[in-house]
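> The lines below spell out each chain.
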Amino acid sequence: MDPEEVEFLGEKHLVSIVPSFTSESVHLIQGDYGPFRAGLPIRVPLWVAVNLKQQKRCRIQPPEWMDVDTLELIKTDEKLSRVFTKMPSEFYMVEVKQLLGCASDDIPRADEIRTIVKDIWDIRMSKLRSSIDLLVKNHEMYAAVDNLTMMEINSMRPLLPHALDHIYRMKTFQPNVGSQSQTMSFSTHSRVSTSFQS
Amino acid sequence: MNHEPLRYAHDEGHTDACFSSDGSKFITCGADGDVRIWSTQEGTDPSHNCIGEWSLSVREKNGNLYLATSDNDVQILTFPGGERNGILDRFVAPINQISLSRDSEHIALAGEDMEAKLFDLAQSGNEGQIFDGLSGPCLSVAVTSRFLAASSGDGKLRVWDVGSKTLKTEIECFPKVNSFANAELLCRIDFSPDGSALAYPDKDTVVVLNTSDWSQSSTLNSTDVSNHYSIVQWSPCGQYLAATTTKGDIVIFHVSIRGVRKVSKHPNSTSICGLMWNPSGNGQIVYTDVEGQLGLASGCTEVKSTDDDVFTEHALDFGDIQIESDDDDNENAISVEKLKKEVMGEPEPELNFEESSAAPTPRPRTPEMPLQPSFMPSSTPEHLNPRYLCWNDVAIIRSYGCLADEDSGKSIEIEFHNSAFHNSMMLQNYQDYTMGCVSTAVVAVANAKQLTVIPLSASSKEWVLKIDDSLEEITLITASEKLVCLATNNYLVRICSVFGIQRGVLSIPGPPVCLSSHQDSLLVSYHSAPVRKSDQCINTKLIKFSGLTMESRDINAALGPESTLLWLGFTDLGTPAMMDSLGMLSLHPTNQNIWVPFCDTTRHLKSPSDGFFVTAIMESCQTIFGIKCRGSIYPGFTPKPTICELVLEPPFAEPETDKTQLEMNLFAWSNLEVRDLGKKFNESGLKAFALACKNGLDQRAVELMEILANPQLVSLATKYALKMNKRLIGEKLMELGSRLVGEAEDTSFVIGAATTPSVTRKFILSSKKTPRNREINETIVPATPDDSHVSESSINITNTTINESFSEEPKNPFSKNSKNEETSSNPLSLVNKYAGVDYESKENKAKNSDNEKRKQPDSTETEERKGKQRKLDRFMFSKRV
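Residue numbers (our numbering), protein chains in the order written: chain G, 1 to 198; chain B, 1001 to 1881.
It cannot be assumed that every hint is accurate.
As the list claims (entries may be wrong) - To spell it out: a stretch of chain G is covered by chain B in this simulated footprint if at least three of its residues, at any positions, have a beta carbon under 8 angstroms from a beta carbon of chain B; those stretches are:
id, region
1, 20 to 26
2, 37 to 43
3, 55 to 68
Hints were generated in silico from the structure; no laboratory data involved. Note that CB positions come from ideal geometry on N, CA and C, so glycine has one too.
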């Protein structure tokens, strides 16, 4: 999946907003939201919140975890732990990006939050890369990875199976089998794979 | 030197004491304006007499008491009778001290108005001599037949010759003060009895001047005392000089040998402000302190020519006895102690102890509990910056800028919750507005003198109401959709219309505490009485306006013990509401005329130091809107506080149980006008009934139906009871039902066949004509499959029946069943409910409470079920009928 698609899924997550208008419920495919009463918090999908915020018709309340202290804690946990820790939200990157993008005035210390979340992301990605490296180098048969969010999985997904596939082909390569043309094609493949591995 | 236990004499403040000329009685006066005459003998209560608001000084001469009173005059009272006997003189400012001459009939007065006045009592009709030229208030005077000495606030001691009124000497020795009330050192000076010496305190020494050439004859100081002396006084014999300090030290100097005779200390180290020797010369000193306590010290002089040390020790242990034995030459002093001592010899120490404990204890002082100051509901206090002037269901008014600071930019921001209703407003706060209120019609802001109202409707101009009376000040304001009201400090409430017509003025019988309004109604709370054992006596008036007339009702208040009022207002439907500082929110439903507690906000808070800041109450939604404030009762500014909702639930006991929950709901819904209630009410009623039935509490079940007295509910309950094989209940309910129906018809409810009840308070019979068969069909079905499941499924069944009975008449439940998707959005709809009864897995039926939320399409089995039902119906009817 593309990051855009993950983002699309992430936008279905509910966030709390304080609308500045009064309205009846809105009926969406996802479900009914409302009624909206001015000044009273209500939970709506992220994309609705962003849309209303862009129209300046609501104030977004940051999720509980979107707070410098909480995120610092998560960051230190992530640093100390060998495995992946559980993230406060399945779509934390999406939420941070969307909310900080449109409603940084509603979120205290938005810049610090942005930095910390980026740090967490980097730590997790490097962890992910090193564990894959380990997997490939040790010729492990399988690896269990918990607590990865969808965005993180999708950052590796296009590459990893493809790479493993190449390795597999190289291992099973037998120059004597098959016709000439096939051999040629395999050899080209193997060359590509070699360059990849180096 | 021996101190008697302190006695309570006067209220806190400056007190003075003196002895009568024979030494048998002493007189005190103090800040409570009382003058008390005490006897040196034990066990007699003082006689007292009130002479004003306070009294600064008292002296006794020739059977008259001279008192400096709060009326700035010297009042003469007879002694010991205490009758008023004229006025010696009047001043324009308080008289700080009265002083008597020991060797003549002169009396000197020290005036706050920078003069000393001398009267000769021997000459009647004497106008008195004025000694002025002081450049500060006269703190103390001393007089002999020849000289008058005065200490004044300009730090100088001056001595005049009485005959020639010439200034003899002027010495700068005292600290400067602007008023006697602010003087820490009283600078009390004294002439020796023979007039040959004048003593005055100078920091931590006492200086004795020779009156012949005004040279310092001696300087007395004690190595034990480093505090500054405030009062000096010669003993009647002229040998000793008593001096006291601001820290309660009492030092007796032996003047002739320039040594310290004794050093003693006030038991509580309180500053002494009045001191006098017993003129009989028995070495007794009476003193009073600034806390209004009275002390007696005895054994201050050497009367017997015994060895010093022995005497001292003796005096310490048996001081009281010692005094009395000192009084041998005094016929007036008759004492049981003395007799005892004569008869029994030395008394036991225990006796002494007992005596001291029997001494009158100070009167217990109750701490003053102030009246609660007035406040605006839903505002934060004035010392905060920034602060909320108002936060209600319409808007938030914020005030930025400190009022005390002139330079800072002061502004008021009004943010409307609904930006479609009105855009945010920003005002420059040049006028120092401290109060604000907003309604859907106006924004009103005010300071003590001026009210500014900005109507919110388009093309209307703001208007200003000024208070011209210099004494009147605005203390509270409020605004509603139709009224703008203000309360002032002279207990008036002024009412204006939204566009500035003054609609009336009314008087309230006490200081206003809080003001609130809704449409044409006004709610005023005020103090009806002083604080009663730390309970605020707050009363509330509900005033309704119609045109230019009004109608008022006293509705009292609902305050918990020792609490204050925290919020006052109306619900959205105009029911008065208030919250006390214990967090209990009470409503005053219109018809009941009683306060009903409806929400204990502390139950919803995490820690006891948290507070709930009420912003609005929505009776129609059965909720309270407010802000949970952590560690405070006021919300902060950053991050922006979030409004949360609490449910209006009366604080019934055992709130966790299902039964109580149902009872709470039934009570709340009967007393409030909650929107869309009909279904929920009957549902809860029937659930409570089913719960009672299930637990075998038949009487309670019947009782519940009698209390609710709703014919529709009764008919449903009857069916339920019959189905549960509770024949007894069924019969009783049928009886009740027919009676209720009869009553309903008697009162000619023409709308008997109305489909849904619209009025919540009275439930109108709606499904009277609903075909009975159909209902029974429905209800019976789930009960039949297996007897063992009957009780489990009972609640499910009730839900089904309720929904059915409330669904409008023409709607056939079967036809509805077949079109599931149409109503799937309504969680309370018939179809979903029915679907909630799962025919395949019977264990689901045990879940009764979460039935409502369950959405489960079950359309595939409809046809099959129908057939089953028909069969079962037939079966059941044949069985029953």
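> Each of the hints needs a verdict: does it hold here or not?
Hint check results:
Only residues whose beta carbon comes within less than 8 angstroms of a beta carbon in chain B count, and the region 20 to 26 of chain G has 3; three or more means the coverage holds. A count of 4 residues in the region 37 to 43 of chain G with a Cβ less than 8 angstroms from any Cβ of chain B is obtained; the coverage claim is therefore met, three being the minimum. Coverage of a stretch by a chain is defined here by at least three residues with a beta carbon nearer than 8 angstroms to that chain's beta carbons; for the region 55 to 68 of chain G and chain B the count is 4, and the condition holds.
Every hint from the earlier list agrees with this structure, and none is contradicted.
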